[in-house]
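Starting from the known structure of chain A, arrange chain B on it as the hints suggest.
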Amino acid sequence: MSFISRGFKGRRRTASVAGRLPPGQYIVDGFPVLSAGPTPRTPLDRWDFSIVGQVDQARRWTWAEFLQLPAEEITRDIHCVTKWSKLDTTWKGVSVDTLLDGLETSADYVLAFCDGGYTTNLPLEDVTGGKAWIAYEYEGQSLEPEHGGPARLLVPHLYFWKSAKWVRGLELLPEDQPGFWESLGYHMYGDPWREQRYWGDE
Amino acid sequence: MVATRPRLTWRVATVRDIVPETARVVSLVLDVPDWQGHRAGQHIDVRLTAEDGYQAQRSYSIASAPEEPWITITVERLEDGEVSPYLADELRPGDFLELRGPIGGWFTWETREGGPLLLVAGGSGIAPLMAMLRHRAAWRSPVPVRLLYSSRSAQDIIYREELERLAANDPDLAVIHTLTRAQPKGWTGYRRRIDREMLNEIAWAPEERPRAFVCGPTPLVEAVATLLVDLGYDPASVKTERFGPTGG
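These protein sequences, in sequence, are chains A and B.
1 is the number of the first residue of the first sequence in our numbering; add one for each residue after it.
1001 is the number of the first residue of the second sequence in our numbering; add one for each residue after it.
Looking at chain A on its own, in the form it has when it is part of the complex:
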């Protein structure tokens, strides 16, 4: 017999929303902030974004150059491993496809690296094919530092710790190697629909 919490009724969601909510998640209206340390503040004139590692030629953009790249408007639901989900968040940013366009690589993985030393790992196929962006606007405004500004990775189909704040580049790697939270108990892949929160979750 499965476990029942005596006296717990809970709050049901409307059917229209229920199908959009992965297991164990609940909806928030605000935008909670989570980070492991102080918010880094890199001046824009010292900001750049690079593609390094197993590539035929490293690529680098200054902030001004980055803003010249073709940008997209993105509307997606996001899911944080701490259980909150937020529906229909709107972003503007550059598709990772655009950044990698024409690049020669035999890598299968990327490690996103960030100001403040944060890293997170992802399969290359999860940041290509229209699935990931470097976002610098949220709801029509410049992305606030506490939410990862000036720019953050946006990979909405995975738990939101994969959407690294203060991102400064992607390192292309032949093997998967754990990033910050992935070294500290959190799942290597992080699919919210399969509830891959922690080490050992299937």
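It should be emphasised that the hints constitute simulated quantities derived from the structure, not laboratory data.
Beta carbons are placed, not taken as given, at the ideal position from N, Cα and C, and that holds for glycine.
A couple of the hints might just be wrong.
[Claimed, not checked] If the Cβ cut is set under 10 Å, some of the chain A residues that face chain B in the computed set are: (1) A36; (2) R46; (3) K83; (4) G116; (5) G185; (6) Y186; (7) E202.
[Claimed, not checked] Covered by chain A, according to a simulated footprint, are these stretches of chain B (three or more residues, beta-carbon under 8 Å): (8) 1007–1014; (9) 1048–1061; (10) 1079–1090; (11) 1100–1109; (12) 1237–1243.
[Unchecked claim] For each label pair, taking beta carbons as the anchor points, the in silico distance ranges come out as: (13) S1153(B) / T128(A): 50 to 56 Å; (14) D45(A) / I1018(B): 53 to 59 Å; (15) W1070(B) / F31(A): 31 to 37 Å; (16) T98(A) / E1164(B): 56 to 62 Å; (17) P22(A) / D1172(B): 43 to 49 Å; (18) E1051(B) / E72(A): 44 to 50 Å; (19) E1090(B) / E175(A): 45 to 51 Å.
Structure of chain B alone, referenced to chain A:
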């Protein structure tokens, strides 16, 4: 390697005791079968299941020391919350509660890591820091600690007596309160939100290579972490955790 780590299985704990801490906060003392132990600062996930199978999950920091026989979590009742009113009002000793953990390997401290420690808490953000203080007390560790704890009023201070008791016989532990909304008559302590001047007075000098743990609502955590870096703290030595009113 990572793939072979043991799964954090759901376990059915028994509620041993429910301790009122303040008007809005209770501590749940839980007997967890086959608990593998934890480090001070880690948290657990709690999962509630209704009769029709509907489930809700939330995370709670562990407030007890690893050395204690039971796991204690401290829950603030959020008025519009889904889970915290159940935990705070409905649950009784003897009831069962499903949980898994321990989770989180960053916001943790063990006595052998040394100090000095600067602990900064807002409201129920004291819980994981209390685990560190209880752990330190269990080992009679001489690591110097300063705790700066922001509460709305004296009635909202969680673990007030235990903090007084811990500090009373320990010259290496200083507990400093600030009360932001209301102060009792004769209150001589701080009476405002944590600011630069307060941290200047309380925080260890950066030269002493302190470790800082900051836990509370986001505005407090953002402000304190930024101020500590301004004071000269190495950003890597400032660890943060949020207790936002993000659900409940």
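Hints, verified against the model:
no.	hint	verdict
1	A36	holds, 5 Å
2	R46	violated, 16 Å
3	K83	holds, 5 Å
4	G116	holds, 6 Å
5	G185	holds, 5 Å
6	Y186	holds, 8 Å
7	E202	holds, 8 Å
8	1007–1014	holds (count 4)
9	1048–1061	holds (count 11)
10	1079–1090	holds (count 3)
11	1100–1109	holds (count 5)
12	1237–1243	holds (count 4)
13	S1153(B) / T128(A): 50 to 56 Å	holds, 54 Å
14	D45(A) / I1018(B): 53 to 59 Å	holds, 56 Å
15	W1070(B) / F31(A): 31 to 37 Å	holds, 36 Å
16	T98(A) / E1164(B): 56 to 62 Å	holds, 59 Å
17	P22(A) / D1172(B): 43 to 49 Å	holds, 46 Å
18	E1051(B) / E72(A): 44 to 50 Å	holds, 45 Å
19	E1090(B) / E175(A): 45 to 51 Å	holds, 49 Å
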